[in-house]
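Student: Take a look at the letters that make up each chain.
There are 2 protein chains.
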Amino acid sequence: MTAITATTTSPSAPVPAWLDELVEALGAGSVLTDPDVTAAYARDQAMLAESGTPAAVVLPRSTDEVSAVLRIASAHGVPVVPRGAGSGLAGAANAIDGAITLVLTRMDAVLEVSTADRLAVVQPGVVNKALRDAVATDGLFYPPDPSSYDWCTIGGNLANNSGGLCCVKYGVTTDYVLGLEVVLADGRVLRTGRRTVKGVAGYDLARLFVGSEGTLGVITEATLSLRPAPKTPVTLVASFTTTAQTGQVVEAVVTSGLVPSLLEVMDRTCIRAVDDMLKADLDRDAHALLVAQSDAGGQAAVEEMEALAQLCRDAGADLVHVTDDAAEGDLLLTARRMALPALERLGTTLIDDVAVPRSRIAAFLDGCDAIAERCGLVIGVVGHAGDGNMHPTVVFDPTDDDQRTRAFQAFDDVLELGLSLGGTITGEHGEGNLKTDWLEREIGPVSLSVHQAVKAALDPQGLLNPGKMFRSATVSDLAGAASLR
Amino acid sequence: MTAITATTTSPSAPVPAWLDELVEALGAGSVLTDPDVTAAYARDQAMLAESGTPAAVVLPRSTDEVSAVLRIASAHGVPVVPRGAGSGLAGAANAIDGAITLVLTRMDAVLEVSTADRLAVVQPGVVNKALRDAVATDGLFYPPDPSSYDWCTIGGNLANNSGGLCCVKYGVTTDYVLGLEVVLADGRVLRTGRRTVKGVAGYDLARLFVGSEGTLGVITEATLSLRPAPKTPVTLVASFTTTAQTGQVVEAVVTSGLVPSLLEVMDRTCIRAVDDMLKADLDRDAHALLVAQSDAGGQAAVEEMEALAQLCRDAGADLVHVTDDAAEGDLLLTARRMALPALERLGTTLIDDVAVPRSRIAAFLDGCDAIAERCGLVIGVVGHAGDGNMHPTVVFDPTDDDQRTRAFQAFDDVLELGLSLGGTITGEHGEGNLKTDWLEREIGPVSLSVHQAVKAALDPQGLLNPGKMFRSATVSDLAGAASLR
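Chains as they are written, first to last, in numbering that gives the first Met the number 0: chain A, 0 to 484; chain B, 0 to 484.
Please keep in mind that the hints were generated in silico from the structure rather than gathered at the bench. Keep in mind the model is a prediction, meaning the values are calculated, not measured. Treat the hints with care, since some could be wrong.
[As the list claims (entries may be wrong)] Beyond 10 Å from chain A on every Cβ pair, some chain B residues (computed):
1. Glu20
2. Ala24
3. Ala38
4. Gly97
5. Ala108
6. Val112
7. Arg131
8. Ala135
9. Gln309
10. Leu330
11. Arg403
[Stated by the list, open to error] Under 10 Å between C-beta atoms, here's a sample of chain B residues computed to sit facing chain A:
12. Ala84
13. Ala200
14. Gly385
15. Val453
Yeah, the Cβ is synthetic: ideal placement off N, Cα and C, and Gly gets one too.
All chains, please: the whole structure from these sequences, using the hints.
Tutor: Given below as structure tokens:
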């Protein structure tokens, strides 16, 4: 799947010159080549995505060192795979044979938290939760909260434009990016964006790098806007006879103008898997559970959740419960966050990541039921119902060839269903090397050629994470795009 | 200032072949060449920015017609200046000698308003206010509200990433862009983005086009997210002995975690100019006026404004008044919106557009006072205090050469001051052809070369609004950027 591979090093192979240069620039302790050691950096959490063997894993400690790595790589034509903690779910961080894997986890400083400007300046290796904790002491809040928030890094969040449970009210990573420092393919250091709330100087390059999965540059610093700490939430839980009813509730939320700070769904498969894992005393007989919160504060939050409770009853909820008990709310959120790990205990999982317009959620959930029935496999449905970003997750036994075939078919059928409803093949996980074909299908040939033109402008040698997101341009692509150039 | 000019047509000159092709494609009624008629489309509201004479003004009615215009223009190497109503304040829409001015005002349909998905699909010629009115009937809200909202078009708002009075709580235009249809330089039609709330498929090309001032493509359709209609606001007005005190209040708002829906400032020059124009019974003796609103609803809004009132008193306000009277609030807002038109009655104006970090607003306002004193001219200060985006406006007599020189010096001094405080040379007006040199100064050589590389990737002939935002790459630039390519 990768378009470019460099020479693979093996214990017997001669050491390439660029490896000496890396050691010279960063020190031997920052350049790992022992295959037993580098294997730990070979892949992310997309267990079924392709992965190669890195020639070297480098762990820079500064922007200057990242710059040195990219200067050396570009001089020698060696591909580079940037990565953080490796919590990704699409193989974007997966190693490429013979390439350098550039690990940013040692650059983990929170450089500044400004209450007066309500922003933070961080290095890419800062763990999401570490940033959240660092700003919370000043009464501030960094909203984007992917499920892996306690170990994923901000650099990976930026590269994937990560979402999370907060998106329904607070948006995604890109909505918090003010400025970036990026090392370009040739090692030059770009500073783009700003420290101000507003600013339109030049192109919005910062948001071009956000979500580009390491294919355009390596983010070495980010200036992120923060919000005031949210108020203690009021939590609602409601159970339903069908998952599709939860879609109806979301539509009603949108048309009624409610803005909950969280609105999540789990189906019975997930409920039971989580309950088995956490012994959380969940309602194991429910077919679907909706968990919502309002952080509007005090009486406003209670009113918002009471209004939602009525929408749930109108949609035929079996049970609706509203609580301002923070501990109970936390428990429900933990249960929701544990849905994917709990499903993974049932078998190998293929996690889909489709976002559909909110008016089509019920249709999408019905469609997922039909796909599960057709393929004869369990599909656990969990997702960010409030923003239409659902994660139907196929559970199967990978040692059973027939199940494996049906699982991949079901995975594709879910993507197909999402596109047919006006949705997207990825709401927050990205393409990595898992959905490159699907991306081309979603965006079409004109957009693909624009992607390739932008990529070629910023990474003319095609060395940055090649083969991720979309195919590199081939000779015939370039001929086809001749009219663009 | 423009890098490319095509053959200028004059009544006696032979009609260029491309003009025949335009008439063939769009019909004679959509292709204007009479200089007396085309002059009306020659410039925007930046009265002192350079402007040329268009060879033709074309007014397409559809994406297909825009595509035809760009195919013809690229085939013949004719530059194209896209524009909407011409409310811009930096000359981005100003005509280029011999170029085609492409006016999008006839494409003025609101194609869809979806309450279920809380979005609207619009053509670029829709007037901002027309969109606001169209969605208000469904209880929805399109926040970005530049001061010219009753005549500026959404296409221009997108091209400039316009802000307005709402930004302090609701952000700017780009925060509401889900998807775009863009005609590329060669006439191909790109659809990018989505209808879903979330989505990370491919690069964020939509936000690359937003704010690119027509230099990368022509936006022909936009899918915009909407919000629930805000609640009736509670309004606060406070008067101060110095403008800088208002900056202190803003800092206190940020650190205290208040999120007003509006927080605007006017100095005495503006107060008196507006009062002269509107007879609005403003406090003519105040040195600075802060106008704020909360749309948090009911008691929450009252509490938010009472908290702000206390911050104003703490900063030494002479007078603080909170009202839930909607008419009184509207009057104060109208007064604020009329500040620039009112200043224009005093003389020719040079409107600056600096955004500074909110912690530096007081220092910025003090600095503006010093500049006014140094240059011996009136500088009326008006601005979006809450987000640090200020519009110090130099008033002068353009027939007085000395005043003119001092006015331009003051304009530059304000930009210099903004940069020295960590700010940006443009918070919302853009560069147009007025601030190309300043943009280069702000972003630096590495970012400039990335801008030029992106521009070259999307517009290899350099025909789209050449010379706007930044200099096109020259041969020596390209040699200097050889390492990037």
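Student: May I ask which of the numbered hints given earlier this structure violates, with the numbers listed in increasing order?
Tutor: Violated hint: only 12; rest satisfied.
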